[in-house]
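Can you build the whole structure from these sequences, using the hints too?
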Amino acid sequence: MYSKLKNVQVIISLLKQNGIKHLVLSPGTRDVPLVHSVEQDSFFKCYSMVDERSAAYFALGLAKQLNEPVCLSCTSSTATCNYFPAVQEAFNTNVPLILLTADRNNYLLKQGENQLIEQERMYGEYVRSSVNLPIVKNELDLKYCIRKVNEAILEINRGKIGPVQINFQVQEIDLCREKELPIYRKVTRLRKEDNWDEVISSLKKFNRIMIIFGQGYYQYNEQEEIRKRLDKFCKNNNCIVSIEETSNIESKYALKTCLVTEAMTDTEFKKYAPDLVITLGNHFFSFIKYKLRNISGSITHWRIAENGSYLDNFDALTTIFECTPLEFLDKIEYNKNVNINEYYHLWKNRIDEVQFPDLKFSNFLVVKKFAERIPKNSIAHFTILNSIRLFNFTNKKKIRAFCNLGADGIDGGMSTFLGQANFEDNLAFIVTGDLSFFYDLNSSLLKHRDKIRVLLINNYAGSEFHNNFGLEKIATLNDFIAAGHKSKAEYFSQSTDYKYYSALDEKELEDGLNKLFSYENNPIILEVFTNANQDSMILKEFYNMNCKLTFREYAKKQIKVLAKKILKRLKLR
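Under the numbering used here, the first residue of the sequence shown is numbered 1, with each subsequent residue one higher.
FRET-style restraints, in silico, Cβ to Cβ:
id: 1; residue 1: Lys-64; residue 2: Asn-207; range: 39 to 49 Å
id: 2; residue 1: Lys-548; residue 2: Asp-411; range: 36 to 46 Å
id: 3; residue 1: Asn-514; residue 2: Asn-307; range: 40 to 50 Å
id: 4; residue 1: Lys-4; residue 2: Lys-540; range: 42 to 52 Å
id: 5; residue 1: Tyr-519; residue 2: Glu-372; range: 13 to 23 Å
id: 6; residue 1: Asn-307; residue 2: Asn-221; range: 14 to 24 Å
id: 7; residue 1: Asp-266; residue 2: Asn-221; range: 39 to 49 Å
id: 8; residue 1: Glu-510; residue 2: Lys-348; range: 31 to 41 Å
id: 9; residue 1: Thr-550; residue 2: Lys-45; range: 49 to 59 Å
id: 10; residue 1: Lys-348; residue 2: Glu-224; range: 22 to 32 Å
id: 11; residue 1: Asn-92; residue 2: Ser-309; range: 22 to 32 Å
id: 12; residue 1: Ile-481; residue 2: Glu-224; range: 45 to 55 Å
Straight line, CA to CA, 30 Å or less: simulated DSSO-like cross-link-like pairs of lysine-lysine:
id: 13; residue 1: Lys-228; residue 2: Lys-289
id: 14; residue 1: Lys-515; residue 2: Lys-396
id: 15; residue 1: Lys-515; residue 2: Lys-499
id: 16; residue 1: Lys-376; residue 2: Lys-360
id: 17; residue 1: Lys-397; residue 2: Lys-376
id: 18; residue 1: Lys-205; residue 2: Lys-192
id: 19; residue 1: Lys-396; residue 2: Lys-228
id: 20; residue 1: Lys-45; residue 2: Lys-4
id: 21; residue 1: Lys-186; residue 2: Lys-270
id: 22; residue 1: Lys-486; residue 2: Lys-473
No lab work stands behind these hints, which were simulated from the structure alone.
For each residue, glycine too, the CB sits at the ideal point set by N, CA and C.
Right under this line is the structure:
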């Protein structure tokens with residue numbers, strides 16, 4: 001019989017799946033749902049000890065003798081403080097303890113409630129991980145608990161062995177009447193020296209594999225080796241490689257899925273969805289991550305990370321491979337002998353159908369013209385969001401592309417670019433929006449190399465806010481939300497060694513690009529002025545043109561449009 005509390009169920013389920021069965025329990029009210037559940041399960045071996053300080057040292061000795069993780073559980077507040085001496089000893093002597101600290105609803109913290117102190121991270125640097133499980137009220141809360149418990153258990157022996165804390169909040173004390181314990185998703189970490197036979201053999205059950213190559217940069221020799229192994233793996237396993245510009249990787253099976261996934265409905269995406277996703281590299285800009293998250297229950301996720309870090313992008317992670325991409329591809333060799341590549345052609349045919357609207361004179365057109373002119377193998381930086389998005393949509397050449405996707409902020413793009421370009425012998429380019437450029441203006445005031453080339457698209461606002469909302473929804477959008485302004489880089493350039501050019505129409509753009517790609521002995525800024533609202537309208541038109549709706553979805557959309565028109569007319573009366 002088990003507790004009905006979902007966060008408690010997750011703890012018990014994942015302890016069992018990881019073979020962790022020894023628990024030292026101290027009496028109290030808050031941990032009753034956990035204690036009463038495990039004492040009724042014959043899998044667990046329970047030990048009773050009233051004094052929490054003694055209980056922790058007892059568990060320490062047990063873990064040393066058994067050479068495996070041992071759990072401790074106690075009630076909330078000062079009871080948890082008594083673990084501290086043994087925790088410090090466990091940390092310093094590399095002993096695997098799991099501290100299951102029951103807690104009250106954190107909503108009540110510092111509100112005069114009884115038996116309630118700050119328990120999250122209370123052991124500071126003496127635990128390898130400290131996670132805090134909320135009271136589960138919805139599906140997102142449950143997914144969060146699954147992620148955090150897996151993360152904590154995996155940290156016990158990642159590199160240096162040591163204790164971890166799982167703090168779990170309890171709203172009500174139930175009497176554990178649930179007959180079945182749900183099996184929640186377990187995450188496993190495999191190192192290159194481990195036995196991979198089980199996961200390799202599991203490949204046969206997956207019919208559609210998508211490898212997502214995130215942001216990264218590899219030396220040419222390594223890149224070539226990765227490409228060869230990728231092509232071999234994809235050929236034998238009905239696989240595609242989803243890339244974008246900052247992936248900086250090539251493959252015969254590489255496709256820019258971002259060209260269509262941004263416009264796909266959830267219904268259509270399910271027709272193209274993989275059953276296994278393998279992620280390599282760092283951050284990925286494309287919205288495919290949201291599409292995959294929406295179908296998390298029907299996919300499996302493997303992550304390759306040299307440092308073994310935990311990153312569950314889609315709430316579907318099952319295996320972390322602590323190795324390099326080359327080591328993974330070397331070891332994962334498996335031949336289904338499919339050799340039909342049906343999945344690749346399914347995606348390629350959809351991507352080949354992509355249409356572009358009349359781009360007029362817009363940021364979309366500016367980036368497209370830039371992409372057509374940029375020399376192969378150039379180094380180029382892009383600021384978020386539209387600069388990198390539109391270049392992903394339009395570029396067809398091999399270049400070395402970079403963008404500060406890690407924190408996804410507008411700050412620091414120019415500074416990062418200048419730092420890297422400082423050691424670049426050829427022309428070095430950045431495509432930036434106005435807010436990003438002016439935010440990071442200080443970096444441009446110093447003297448820089450003559451090979452610097454800046455394409456500044458100035459639409460006098462943060463155009464992403466026009467994409468998300470638009471003037472039709474928020475008339476005052478440019479006042480504060482989109483940070484509308486009247487600044488021009490021309491005034492700035494007069495006090496620097498940058499040569500300045502500008503463009504207000506397509507002819508001036510062509511002339512300006514000729515200057516930008518020239519080998520003048522000065523850093524150059526080409527400032528192109530567009531209209532934020534029009535830029536946004538063209539992007540939305542691109543999405544609409546490439547969105548395939550079912551009849552039901554189309555009818556629903558038309559009803560909404562009609563309803564809005566009727567409401568607007570009623571307001572005018």
